[in-house]
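With the first letter of the sequence shown counted as 1, position 223 gets the number 222 in numbering that gives the first Met the number 0; the numbers rise by one all the way through.
Rather than coming from a laboratory, the hints here were simulated on the basis of the structure. C-beta atoms are modelled at their ideal positions from N, C-alpha and C, and glycine is treated no differently. You may find that some hints are simply not true.
What the hints assert, rightly or not - EDC-like, lysine to aspartate or glutamate: derived pairs with alpha carbons at most 20 angstroms apart:
(1) LYS195 to GLU177
(2) LYS265 to GLU203
(3) LYS87 to GLU177
(4) LYS263 to GLU223
(5) LYS36 to GLU54
(6) LYS302 to GLU260
(7) LYS255 to GLU212
(8) LYS87 to GLU97
(9) LYS301 to GLU203
(10) LYS87 to GLU176
Stated by the list, open to error - Here are the computed distance ranges between Cβ atoms for each label pair:
(11) ASN86 to PRO259: 48 to 54 angstroms
(12) ASP46 to GLN17: 28 to 34 angstroms
(13) ALA277 to ALA139: 16 to 22 angstroms
(14) ARG123 to ASP273: 46 to 52 angstroms
(15) TYR283 to SER4: 26 to 32 angstroms
(16) CYS57 to ILE82: 23 to 29 angstroms
(17) SER23 to PRO278: 35 to 41 angstroms
(18) GLU30 to SER220: 55 to 61 angstroms
(19) PRO156 to CYS57: 16 to 22 angstroms
(20) PRO242 to PHE284: 34 to 40 angstroms
(21) ARG41 to GLY120: 23 to 29 angstroms
(22) GLU25 to PRO140: 42 to 48 angstroms
(23) ALA277 to ARG64: 33 to 39 angstroms
(24) PRO259 to ILE82: 48 to 54 angstroms
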Amino acid sequence: MEQQSCYLPEGSFLETPQNTAAISNEAALREAIATGKRLEARVRVCDGAHNLHVELPCMRGLIPRAEGAYGISEGTTRDIALISRVNKPVCFSVLRIEHDEQGNPYAVLSRRIQQEQCREGYIRHLKPGDVIPARVTHLAPFGCFVDIGCGVPSLIPIDAISVSRISHPADRFRVGEEIRVMVKGFENGRVLLTHKELLGTWAENAACFTAGETVAGIVRSVEEYGIFIELAPNLAGLADLRPDVRPGQHASVFIKSIVPERMKIKLAVVDVFDDVCAPPPLHYFFHGNHMNEWVYTPPQAKKKIATQFTVGNM
0 MEQQSCYLPE GSFLETPQNT AAISNEAALR EAIATGKRLE ARVRVCDGAH
50 NLHVELPCMR GLIPRAEGAY GISEGTTRDI ALISRVNKPV CFSVLRIEHD
100 EQGNPYAVLS RRIQQEQCRE GYIRHLKPGD VIPARVTHLA PFGCFVDIGC
150 GVPSLIPIDA ISVSRISHPA DRFRVGEEIR VMVKGFENGR VLLTHKELLG
200 TWAENAACFT AGETVAGIVR SVEEYGIFIE LAPNLAGLAD LRPDVRPGQH
250 ASVFIKSIVP ERMKIKLAVV DVFDDVCAPP PLHYFFHGNH MNEWVYTPPQ
300 AKKKIATQFT VGNM
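Start from the sequences, fold in the hints, and give me the full structure.
Structure, rendered in structure tokens:
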């Protein structure tokens, strides 16, 4: 998608030579006023009036509250969207250069303009089934918040993160991680996202394993009839009950059998143990830019689990 290169998540351009040069001196900033180009720098302070003070090499940078985010003036975006940017990169346009009471120059900046351009030039052209880049910004019990371009936020609900059930998005993501997401639809001007369709079908995931292997897994739930153990984000198997097993524990499991027509993987627990480690890197099976339909179940399965992406309007 051609627009993506212009409207990537915040921080994508921070360390580039072009951005470094464009914020390095007053002449470069004045050129940015004329061109309206996107620049990036890090917020150091959000003052009591919720103005953002930005770190520039050549002078102070100020983003007034009304220019801090799309929807602030209208009340549709809360001030927490500004407070939460402290010590993080933001994108902006340079509006003008003014002088303070001591005669020192400072740059007046606008993040809102960049977000409005992103919405108009990129987001409004998205369609259900489009695959876009995103950056994880916040993890909540109910889902994962991401930046889909220029700081514009969206949410992946926890049940759309993967087929394998997780207790918290932190089981799958870490803040700052660059991921891929899919547009599921639109609601009241917001982009609705999903993620699990990128992590492969049952058959694609099952093909990575063979009966007779002993492999790593994570205990996801303990039921009356057995223990569900995740082998991959979109694949889990069932093992017999054993005492003192808890969700979240790591496990080594023996694969007894793989049954595609029933979408069953029978496991035997070799060992379980507690471990604290970052989520493993995600493996995306789908690498295209658009998907019309995702069918999770193999052809020989009796039931069909699928997601269809239909065109809707924002």
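Hints, verified against the model:
no.: 1; hint: LYS195 to GLU177; in the structure: holds, 15 angstroms
no.: 2; hint: LYS265 to GLU203; in the structure: holds, 17 angstroms
no.: 3; hint: LYS87 to GLU177; in the structure: holds, 15 angstroms
no.: 4; hint: LYS263 to GLU223; in the structure: holds, 17 angstroms
no.: 5; hint: LYS36 to GLU54; in the structure: holds, 18 angstroms
no.: 6; hint: LYS302 to GLU260; in the structure: holds, 9 angstroms
no.: 7; hint: LYS255 to GLU212; in the structure: holds, 8 angstroms
no.: 8; hint: LYS87 to GLU97; in the structure: violated, 24 angstroms
no.: 9; hint: LYS301 to GLU203; in the structure: holds, 18 angstroms
no.: 10; hint: LYS87 to GLU176; in the structure: holds, 14 angstroms
no.: 11; hint: ASN86 to PRO259: 48 to 54 angstroms; in the structure: holds, 49 angstroms
no.: 12; hint: ASP46 to GLN17: 28 to 34 angstroms; in the structure: holds, 30 angstroms
no.: 13; hint: ALA277 to ALA139: 16 to 22 angstroms; in the structure: holds, 18 angstroms
no.: 14; hint: ARG123 to ASP273: 46 to 52 angstroms; in the structure: holds, 47 angstroms
no.: 15; hint: TYR283 to SER4: 26 to 32 angstroms; in the structure: violated, 20 angstroms
no.: 16; hint: CYS57 to ILE82: 23 to 29 angstroms; in the structure: holds, 26 angstroms
no.: 17; hint: SER23 to PRO278: 35 to 41 angstroms; in the structure: holds, 37 angstroms
no.: 18; hint: GLU30 to SER220: 55 to 61 angstroms; in the structure: holds, 58 angstroms
no.: 19; hint: PRO156 to CYS57: 16 to 22 angstroms; in the structure: violated, 43 angstroms
no.: 20; hint: PRO242 to PHE284: 34 to 40 angstroms; in the structure: holds, 36 angstroms
no.: 21; hint: ARG41 to GLY120: 23 to 29 angstroms; in the structure: holds, 25 angstroms
no.: 22; hint: GLU25 to PRO140: 42 to 48 angstroms; in the structure: holds, 46 angstroms
no.: 23; hint: ALA277 to ARG64: 33 to 39 angstroms; in the structure: holds, 36 angstroms
no.: 24; hint: PRO259 to ILE82: 48 to 54 angstroms; in the structure: holds, 50 angstroms
In summary, the structure is inconsistent with hints 8, 15, 19 from the numbered list given earlier, while agreeing with the others.
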